[in-house]
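Undergrad: These protein sequence lines are chains P and G, in that order. Going by our numbering, the letters in the first sequence line up with residues 1 to 272, in that order. Going by our numbering, the letters in the second sequence line up with residues 1 to 272, in that order.
No wet-lab data here; the hints were simulated from the structure. Among the hints, erroneous ones may be present.
Claimed, not checked - Here are some chain P residues the structure puts well away from chain G; computed CB gaps all over 10 Å:
hint : residue
1    : L27
2    : R45
3    : D92
4    : G93
5    : F121
6    : E214
7    : G243
To be verified - Derived contacts from chain G toward chain P, CB cut-off under 8 Å, selection only:
hint : residue
8    : I56
9    : V60
10   : P156
To be verified - Negatives, chain P to chain G, calculated, CB over 10 Å:
hint : residue
11   : T7
12   : D63
13   : P127
14   : M230
15   : C253
Glycine included, every Cβ here is placed at the ideal spot set by N, Cα and C.
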Amino acid sequence: MKKFLKTYLPFTRAGMQSATAYRVNFLAWFMGDIMYCLVMYYVWRAVFASSGQSSFNGFTMTDMTVFLFISNITRYITESDGSYDVGEEIRDGNIAMRLIKPVSFDMTFLFTELGFKILTFLMIFVPMVIGVEIYKSIAFGKVMFHIGTFAAYMLSLVMSYLFSFYMNVCFGFMAFFLKNLWGFNMLKGSILRFVSGAVIPLALLPDTLRQVLEWLPFSTQVYTPAMIYMEKYVGWELAFRLGIQALWVTGFCLLSQLILSAAMRHVTVQGG
Amino acid sequence: MWLKNTGKEIRRTFRLLRIFAAQHLKKLMEYKIDFITGAVAFLVDQVVNLTFLTIIFGNVAHLQGWSYYEMLFIYGFSLFPKGIDHLFCDNLWNVGYWIIRKGEFDKYLTRPINPLLTVTVEVFQVDAFGELVVGIALMLLSVSHLSLPFVWYDIPLALIAVLFGTLIYTSLKIIFASIAFWVKQSGHLVEMVYNMNGFSQYPTRIYSSVVRNAVTYVIPFAFTAFYPASYLLRHESPLFCIGGTVAAGSVLFAVGLLIWNKGLTAYESAGS
């Protein structure tokens, strides 16, 4: 374990350093997400006002607001660039330099990205959550923060990131077949945004669609953690949802290893 | 004499544009899959947003007085200025992100054509067809379900609104990409401002007054879709809805050219 950390922590440090260099970009990207949340906030406010109802399928306007901001920060912090990075390295041949070193291919990516995530966590995640908690306290008239719920949410968040990481490693190998990685990643991004439950709470979808999406693995990336944060999953259901998450993480981890070993036999790198 | 020279200049520019366009078409034929991936990505992104809209209207009959098909019309309209700017002026993003920072802007300065024009026409972004196709489909669909108060001059007015709406997008990109002449990199700023276009697709009445004034008078995205569309849908004040679009587009374009030209004098190439 000590050797493991000694090998990979320098990657995290390097990740943090490049994240620090690009911190303004992070803030700007996140501001874009905030704009999106704001638009959605106003749209939902108009929907509630126009319908005269105070809740849709158990979601009040306050729930909706909390969901918007929490689902977005969850998506933001659990998103992984793995598919793009792996793809780029396969294309430009840099993958060879990774393969000849005595380190694990996916761990180097994971620990580098971890560096970025630590900075995002401190710079964006913490202030956002504090903001949401303040909003909740004002809306409900009392402090609503429960350390137990938050711990469950954090556990769910870690699994959600690992899931997203391994899923993206799997996607990264598509680079063998595709040239337009940028377009492909955008396509993947917009579909994921919907099926992960970041655009609209799955509870508000038509029944069949909701059930399909709930059973697909992608909803565990955003919808599950967000629902845990909002205390919509409690007791046995909470344990059940966390268990499902753990299963999908393991599943995609194994799948990525399979693809990795199969792909390694086929990698051809031109030139030097 | 001056007039004769300008005429010659314009003719030469158009000849060059034709040559650039021919090059783009050749590239397009070379990378067919790339073109399809990119266009499909933008198409799917729109479909996700439309699904959201459709689900919302499953719960309410109207949004602050605007019906489902009226909303589709506004949404469809918004994709024209957005898509046309995307098609012709996509390289402005790269100016903000890396063309200036890497010193590659040098090559535009050595050419005997206007640098802004060259850098803009260099990329013909076919991904935009994804947006334009959805835009056309939405217009056809919504118009067949609505009874518009149509008069013949609505057609030229709509074309004028699309043209100046496009100019709003392009000018904002020019303004914020130009900042890179002083600070080397401003792509994230362009991104932040560009992302505010989400506010253009909804009736401005749903926003609080601060946001409404911001998207009308400061970053006037509301003039790229909602205002012109509300003229076409309900013949609301043409002076404000269409005239405002023309005014916003012209003013921003003038400001854009001013900042760009100032930036050109401040540009210093990269070291190596």
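Undergrad: None of the hints should be skipped; say for each whether it holds.
TA: Do the hints match the structure? See the list:
1. L27: L27/P is in fact no farther than 10 Å from some Cβ atom of chain G, at 8 Å.
2. R45: Non-interface label on R45/P violated, nearest chain G Cβ at 7 Å vs cutoff 10 Å.
3. D92: The claim stands: D92/P keeps its Cβ more than 10 Å from every Cβ of chain G (closest is about 16 Å).
4. G93: holds, 20 Å
5. F121: holds, 20 Å
6. E214: E214/P clear of chain G: closest Cβ-Cβ about 16 Å, beyond 10 Å.
7. G243: holds, 29 Å
8. I56: Since chain P brings a Cβ to about 6 Å from I56/G, closer than 8 Å, the hint holds.
9. V60: V60/G check passes; min Cβ-Cβ to chain P is 4 Å, inside 8 Å.
10. P156: This interface hint is violated because 31 Å lies over the 8 Å limit.
11. T7: Holds, because the least Cβ-Cβ distance between T7/P and chain G comes to about 33 Å, which exceeds 10 Å.
12. D63: holds, 15 Å
13. P127: P127/P is indeed farther than 10 Å from all Cβ atoms of chain G, at 17 Å.
14. M230: holds, 19 Å
15. C253: For C253/P, whose nearest Cβ neighbour in chain G is about 27 Å away, the distance exceeds 10 Å, so it holds.
The structure fails hints 1, 2 and 10 (numbered hints given earlier, in ascending order).
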